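Undergrad: Here's the letter readout for the chains.
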Amino acid sequence: MNDNADALVLRARGLCKEYGKGEGLVRAVDGIDLDVAPGETVAVMGPSGCGKSTLLHLLGGLDRPSGGDLWLAGRSLSGLGERALARIRRDAVGFVFQAFHLMDELTAVENVELPALLAGRSPRAARRRAADLLDRVGLADRARFLPPALSGGQRQRVAIARALVSDPLLVLADEPTGNLDSEATLEVLRLFDSLHSAGQTLVVVTHDSRIAATADRLIGMRDGAFVDETRLTGGTTGSLGALAGLEG
Amino acid sequence: MQQEVVLAMLAKEPSHGYELRARLRQALGPLGEAMNDGQVYVTLTRLEKAGLAASEQSAGLPDRPDRKVYALTPVGRQRVAGWLAEVSWPKPDLAEFHLKLIAAAAARLADPLSIVDAQRRELLRRLREVQRAAMAEPGRSAAGLLLEGVVLRLQADLHWLEACERTWTTRKDRS
Amino acid sequence: MGKVLLAGRLAARDLRHRPGQAVLLLLAITAATAVLTLGLALNGVTSQPYRQTRAATSGPDIVAQLGGPAAAGPHGPGQGSAEPQVAGQVKALVRAPGVTGHSGPYPVASALLRVRGLSAGVEAEGRGQAPSSLEQPEVTAGRWVRPGGVVLERTFAEALGVGVGDRVTLNSRPYAVAGIAVTAAEPPYPNLCYVSGGGCVIDLGPQSPVADGMAWVTEPDARALASPAAPLSYFLNLRLKDPAMAPAFAGKHSSTVGFHPAGNAQLIPWQDIAAADGLLVADEQSVLSPGAWLAGLLALATVTVLAGGRMAERTRRVGLLKAVGAAPGLIAVVLLAENLVLALLAAAAGLAIGRLFAPLITKPGAGLVGTPGAPSLTPSIAGLVVAVALAVALAATLAPAIRAARTSTVSALANAARPPRRRAGLIVISARLPAALLLGLRLVARRPRRAVLSAASIAVTATGIVAVLTFHATANFKDSGSSGLGNPVLDRDEQMLMVLTVVLVTLAILNAVCSTWATVQDTRHAAALARALGATGRQVSAGLVAAQLIPALPGALLGVPLGLGLFAAANGGGARATTIPPAWWLAAAVLGTLAAVAALTTVPARIGAGRPAAEILASDTV
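For the protein sequence lines, the chains are W, L and Z, in the order given. Number 15 in numbering that gives the first Met the number 0 belongs to position 16 of the first sequence; there are no gaps in the numbering. Number 170 in numbering that gives the first Met the number 0 belongs to position 171 of the second sequence; there are no gaps in the numbering. Number 47 in numbering that gives the first Met the number 0 belongs to position 48 of the third sequence; there are no gaps in the numbering.
Heads up, a few of these hints could be off.
Computed from the model, here is a short list of chain W residues facing chain Z with C-beta under 10 Å [stated by the list, open to error]: (1) 84; (2) 86; (3) 88; (4) 105; (5) 121; (6) 161; (7) 196.
In silico negatives: residues of chain W with every beta carbon more than 10 Å from chain Z [stated by the list, open to error]: (8) 37; (9) 52; (10) 62; (11) 70; (12) 94; (13) 103; (14) 126; (15) 147; (16) 222.
Please keep in mind that the hints were generated in silico from the structure rather than gathered at the bench. It should be emphasised that the depicted structure is a prediction, and the values quoted were computed from it without experimental measurement. Built from N, CA and C at the ideal position, the CB exists for glycine as well.
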């Protein structure tokens, strides 16, 4: 467990985020320590309002912490200016939201290529990469569809493809299956599984136990702090048949 | 009524049969209406026969199970400890798990939260296995459908366990 | 009753929720109503102070200007020869049917007045020290005529910068200023010669200055001021049985006084004098009228932009209200209540401001008695202003409200905004541009209606600024004929122009602020998403500025012809000359407008970029 600190994709020490003052002070995130090794899938679970989404925003540079330190691939984010942070958001981190946040007037492939265009890549290179990724998530035939014409699961897969377009070190997913039914959830689960096999580092915030069950590490969060951590290794104490009601 | 449940209810202190019955009724709330009163006394008698509990007759009262005072034997106490630590989940028996938590809290034998946590972890492991199997199934196969059913039930149970965790945390904070 | 209260509560809650927008709306309508109030108050001023003066001075119904060089007769100019002829004319006029009284004839000498290096022509009327019952000028400072003393008409004295006790010379003779007075028998300086017949009574020949002002001296002094080159003429004041018939009387009896084109002798009905007074106000009106129009238009555009910008929010609120069972009538009331309340507040504020400033602007030529104060703000004016304010608010919010009410409940709740438009061509083009322009172009493309609105409001802004510039250019041109003396009328015109300029520019700025602010609000979500996907705050701000400048450019260019046209239309509909401002002024106006738009967009954009993207994404819909 003692990874070389530089080999860690993500390292957080004492991360805090506070809102309000005095009587109305709210500690959304209260002293979080987290290490994420390359290729790991980490799931953070907790009741609503426990601060897990806020934590994810801090990890992804979408929000500035009130205290604590954060290192991404060995590089400290604490003293960085807005422009440098933006570059990091562009190149090192991919974000997946619960509400998908696709632009409704852009086709799937145009949505996916957007971060690459913002990063200054040539339109042709960006388009090619976007098409590749859509193929990888299994939506090559829907590349020219607008989001309203896609199902929820398909939209989220487009969003995941968009998060991958700049080959990020880390993908952060905020309740990725929150708006999806169980079949769409399975689609996303398959995708996460294939990403995991390909070595992508993934931090997921969820209260869907299906996603949590696929993680390497499962961290429980309550009231802004981590309360426990589980590694779901090892066999089970019952046969699969018994689970389905078959007498074993 | 599971033998272990009745045993565990005795762990707090020796009690009369009717006292035990009343406590069970109260712990089960509305569902307690469905409880078969006679079952409790039958189980108590069986436990006594198995040597897990011992009875004492209150002076001056007839020799009937509801008037006897029952207490745990050392073997019975061991059995209770083992049962508390068990994480098997053969089929949904919510009442049993619910009473397990209550008994553990009342007798201060174990922290209900750690019982819940252990059970959660177990169910998550099972969920993981089933999900792997489900993802390996192609498209909409029949087996995949069955596995989907198992997954959804496990999910439901996990939701309930999360609720248990929340409630028991609050009870702990309050006491 | 409960429903009305509920509607009121909902409206109040919404206003408190978005105070910024409410304030902007309030300011816009207030500016418009203030200008409108001033315009209307000025309108009511026209004949009132003149009537007051007429009443205070027992003003005449007809002023007969007799004698003068043209009436000198065959013996040539000379004091003696004119007298008998004048006497005959006087007798004829006094005996004419309909005449119930007269005063005079008073001798009038034209003289040259010099004081402190200034010189001006004067018509010096000789009067007795005892007050007359018809046409007795009202002394507002000092005392009436005495030997060696001269009483000056008030505006004239103001122009000369002279007060009671100062020493002046008339035809090189020393006099002291005995007093200041106002009269209803002559138009005040500088409109002395504006009477309908044209020209002044006195023709002093080419060497003498044009008679500029009115003065009174004792009769002996007046006779003494006459000279063979500048003989006396006479003023006779008549009172008629029916004052309304004065113009007819004047027309009928002009022949009696030997009216002929070359001469200046004439009969002047009091209505003409009133009109000459009114010219003062008409000039001011010509400044205020286009200004009021512009102000109204700008206010309407501002309000429309603001109202249109809140479409998404409003549609959702309508959906919510419908879902809980509110009747369409109640919904309409709630929707319109906010804007109407603001309109009422703004109307009240505008009326108050108008009332405060009206006396300054509508102070009539100092040559008239009395200032309109409270009387000018009649209930009818107040009612009209309130009605206009309400109409502006109503017009701007009615269309969106109706559309919102027509949308089905489900779609209103589910998709609170109109979905963004897709323009494949623009999307392809923008892919080749740097990040800021990419964002800007796509932001414009996804909301074409907002872009058109932006262009329209910037056009109105630019129109206002160009019109003001044209104003200044024209006014300057008019000014270059002054005689070196102060011209209070022109001064006041310039003051009003300044006031109007300030008001219009403020409105224009408000308009631009509303437009840019609405754009930034509207694009909040897209901007936050762009930041989440890796655009820097600076790129996003630049993109927003680009998104605002793209429609602003045609708008600003359009403002140039519109502004010129609007001013020409308002400036007497082409009857008076309009000077086109120099080209570099117009270029500066267009560039200045664009620069202001860019600056005004940058501020809210930067502020928005300071907020964490996650917050905005979590709280907003598309």
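Undergrad: Going back to the hint list, which numbers does this structure go against?
TA: 7, 9, 10, 12, 13, 14, 15
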